[in-house]
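Let the hints inform the model, and build the full structure from the sequences given.
So you can see what is in the structure, the chains are spelled out below.
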Amino acid sequence: MSARQRHLKLDLAAGRVELSHGAGGRAMAQLIAEVFHQALDNEWLRRGNDQSAFDVAAGRMVMTTDGYVISPLFFPGGDIGSLAVHGTINDVAMAGARPLYLSASFIIEEGFRLADLKKIADSMGRAAREAGVPVITGDTKVVERGKADGVFISTAGVGVLPHGLDLSADKARPGDKVLLSGSLGDHGVAVMSRRQNLAFETTIQSDSAALHGLVGEMVAVAGAGLRVMRDPTRGGLAATLNELAQQSCVGFRIDEDGLPIKPQVAAACELLGIDPLYVANEGKLIAIVAPEHTDAALAAMRAHPLGREAAIIGEVVEDEHRFVQMTTAFGGGRIVDWLAGDQLPRIC
Amino acid sequence: MKYVDEYRDGKLARGVAAAIARDSDPARNYALMEFCGGHTHAISRYGLEDLLPGNVRMVHGPGCPVCVLPVGRIDMALQLAAKPNVTLCCYGDLMRVPGSRGNSLLRAKAAGADIRMVYSTLDALVIAEAEPSRDVVFFAIGFETTTPPTALSIRLALKRDLGNFSVFCNHVLTPSAIERILACDSDGVRIDGFVGPAHVSTVIGTAPFRRFAQDFAKPVVVAGFEPLDVMQAILMLIRQVNDGRHEVENQYIRAVTEHGNRIAQAEVADIFELRENFEWRGLGQLPDSALRLKDAYAGFDAERRFALDDISASDNPACECGAILRGVKRPAECRLFGTVCTPETPMGSCMVSSEGACAAHWSYGRFRDHARRKTA
Chain A
1336 MSARQRHLKL
1346 DLAAGRVELS
1356 HGAGGRAMAQ
1366 LIAEVFHQAL
1376 DNEWLRRGND
1386 QSAFDVAAGR
1396 MVMTTDGYVI
1406 SPLFFPGGDI
1416 GSLAVHGTIN
1426 DVAMAGARPL
1436 YLSASFIIEE
1446 GFRLADLKKI
1456 ADSMGRAARE
1466 AGVPVITGDT
1476 KVVERGKADG
1486 VFISTAGVGV
1496 LPHGLDLSAD
1506 KARPGDKVLL
1516 SGSLGDHGVA
1526 VMSRRQNLAF
1536 ETTIQSDSAA
1546 LHGLVGEMVA
1556 VAGAGLRVMR
1566 DPTRGGLAAT
1576 LNELAQQSCV
1586 GFRIDEDGLP
1596 IKPQVAAACE
1606 LLGIDPLYVA
1616 NEGKLIAIVA
1626 PEHTDAALAA
1636 MRAHPLGREA
1646 AIIGEVVEDE
1656 HRFVQMTTAF
1666 GGGRIVDWLA
1676 GDQLPRIC
Chain B
961 MKYVDEYRDG
971 KLARGVAAAI
981 ARDSDPARNY
991 ALMEFCGGHT
1001 HAISRYGLED
1011 LLPGNVRMVH
1021 GPGCPVCVLP
1031 VGRIDMALQL
1041 AAKPNVTLCC
1051 YGDLMRVPGS
1061 RGNSLLRAKA
1071 AGADIRMVYS
1081 TLDALVIAEA
1091 EPSRDVVFFA
1101 IGFETTTPPT
1111 ALSIRLALKR
1121 DLGNFSVFCN
1131 HVLTPSAIER
1141 ILACDSDGVR
1151 IDGFVGPAHV
1161 STVIGTAPFR
1171 RFAQDFAKPV
1181 VVAGFEPLDV
1191 MQAILMLIRQ
1201 VNDGRHEVEN
1211 QYIRAVTEHG
1221 NRIAQAEVAD
1231 IFELRENFEW
1241 RGLGQLPDSA
1251 LRLKDAYAGF
1261 DAERRFALDD
1271 ISASDNPACE
1281 CGAILRGVKR
1291 PAECRLFGTV
1301 CTPETPMGSC
1311 MVSSEGACAA
1321 HWSYGRFRDH
1331 ARRKTA
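Which chain is which? The protein sequence lines are A and B, in order.
With positions in the first sequence counted from 1, the corresponding number in my numbering is that position plus 1335.
With positions in the second sequence counted from 1, the corresponding number in my numbering is that position plus 960.
To be clear, the hints were calculated from the coordinates, so they are not data collected in a lab.
A few of these clues could be false.
Claimed, not checked - Cross-link-like lysine-lysine pairs, in silico, DSS-like; alpha carbons within 30 Å at most: (1) A/K1482 x B/K1069; (2) A/K1482 x B/K1043; (3) A/K1597 x B/K962; (4) A/K1476 x A/K1506; (5) B/K1069 x A/K1476.
Claimed, not checked - Incomplete in silico selection of chain B near chain A, CB under 7 Å: (6) M961; (7) F1185; (8) P1187; (9) P1303; (10) H1330.
Glycine residues also receive a C-beta, built at the ideal position from the N, C-alpha and C atoms.
Have a look at this one:
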């Protein structure tokens, strides 16, 4: 490399994203090469096409897409980059599928620090490598200052379905069991602890993780008995169960005593006046499983590092009203309803 | 969680439930009003109704500050938020309360008004300090619990010379509301006793409730907001009713004293004075029931600073919030409940705050209506 070229390298320590980095010229090519290709490097990206070709096995595929607009961009246990990889892998995996490839599209605000962009891209690359699911195509846009909030990322994912598997939200049947892979609310509380107007000290880390390995183990032992899987992200466990109740025309009965919630998460929720059942997760799954396959599925979950605390938290019941009902730890009954609007703090 | 889990212990609850079942007289009914929204929330959230015998009925009182705020005051806040250069700071519960013509602070915010949700009045002060060019108004609301923090914010604003900070004051007084409910006793509610407020009593103490026990011959048990507190208070009330006693008892001794927090009381007395009249949703105009800033602090009074006129707006005529707040009707007896009025599209204030009787019943307890209909 000549001295002149070295001089032209991006200033990743103090530089900022400029409109020219999205204008299609040399600056954009440089940003892509020095930030994105560097971080996400693989044989497909190296070919430098606007798309990537790949071979697939015969059978059924799944495809999904998701946008990431999280604030703050960096939080305990992750950042928008790792989240954009994990979240989309999980959406593919919840079909029971094996994720193959991702795409990534970045909308960056003018003035965004290059150091932060690099940190995000590196984190994304690390997450993709650890998951074994490469980002094989991408896009970069830069918008004027004030037209975005730092950076937004969209990722899409494709995967292949094992033969004969057909999970769907309308398949929960009375008598099926509800399995949860681990503790609730970690991600939401970790993110809230860093929000500007709420900042509080907590040791809680986001649970952001790719769940396809765990799903693979479950499919291997209980594939035929898996009715539905969902990752309870926005709206938490409550939103997911209410959605499934609607789609399957059933009700749920869950037991508050059986819900795994870390004491720090419970304490933070208490402080903020919010209910952990409505708080987001990014590394947990809910599986509705036929009763005869429950033991095998639960054992497979507990044998996997991401499912060690897996538990049966309830069951599917007949209910024309499609209520999610919970027996409280106190011994009474209540509904776990849809969330109305945002979770708002109570005032006294 | 230390000091929390102890008060949510299911085993202990079953013990208290057994005592309630044993002590309550099957030959009579007990209608007990929990005044506070905090109690209503605990009762619904933990399913306490399931632990009580059929002849013990909890009547949900008006102690939810959002619920008793009349539509006109929301309209005034909307007017404030529409003024150029105003940043309106409010607690989250207020954002979705419908004003007139379906408008709300949430909608006004979406349309471009600078409305910010804060957790504390001190957050509003921080905004005023950080953005000296904005007129920062804190939408102050609540009973005696939230009044001292508002007083403190004015004290601090004065000390820090924050000329861009003011308060839209909607603070109201608990005893006035209880008195109105007791005065309405003739319109069909027969309350046998009150679960007295928790946090309010930490400030005002148990003494102000003595006259209700004496003049109206109603037992009052001041109780904490945890479910075991509520269960124990119910047991204490049932015992008073059975004995024919009407005393003020304090279940919440870990936080409440007879005379309350005198420092907070002095601070409030220094900054606020009584309004002659104030409109309460569901209860109407109540004399000496609310506070405003004294003349000495007029500069911090948003109503005077922005020359706001009082607005009186009427509720949806079919809305039964008024009767529900007085305990005359149950949420399910309102025609709007669950049809056009839900937490997503609240018509009445009881459906807005999670502490409101309708929202609590809708969100946690409406399965019981279906069960009741089935049995009937």
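Evaluation of the provided hints:
Distance hint between A/K1482 and B/K1069 is fulfilled; the C-alpha atoms sit about 18 Å from each other, no more than 30 Å. At roughly 25 Å between alpha-carbon atoms, A/K1482 and B/K1043 fall within 30 Å of each other, so this suggested pair holds. Taking the CA atoms of A/K1597 and B/K962, the gap is about 13 Å. The hint holds against a cut of 30 Å. At most 30 Å may separate the alpha-carbon atoms for a hinted pair to count; A/K1476 and A/K1506 exceed this at roughly 40 Å.
For the proposed pair B/K1069 and A/K1476, the alpha carbon gap of about 29 Å is at most 30 Å, so the pair holds. Annotation: B/M961 was flagged as interfacial toward chain A, and the flag holds, the nearest CB pair being 5 Å apart, inside 7 Å. Hint status for B/F1185: violated, given a least beta-carbon distance of 9 Å to chain A, over 7 Å. Against a cut-off of 7 Å between C-beta atoms, the interface hint on B/P1187 holds, since the closest Cβ of chain A lies about 5 Å away.
Proximity of B/P1303 to chain A holds as hinted, the smallest CB-CB distance being about 3 Å (cut-off 7 Å). Against a cut-off of 7 Å between C-beta atoms, the interface hint on B/H1330 holds, since the closest Cβ of chain A lies about 6 Å away.
Comparing the model with each numbered hint stated earlier shows that hints 4 and 7 do not hold.
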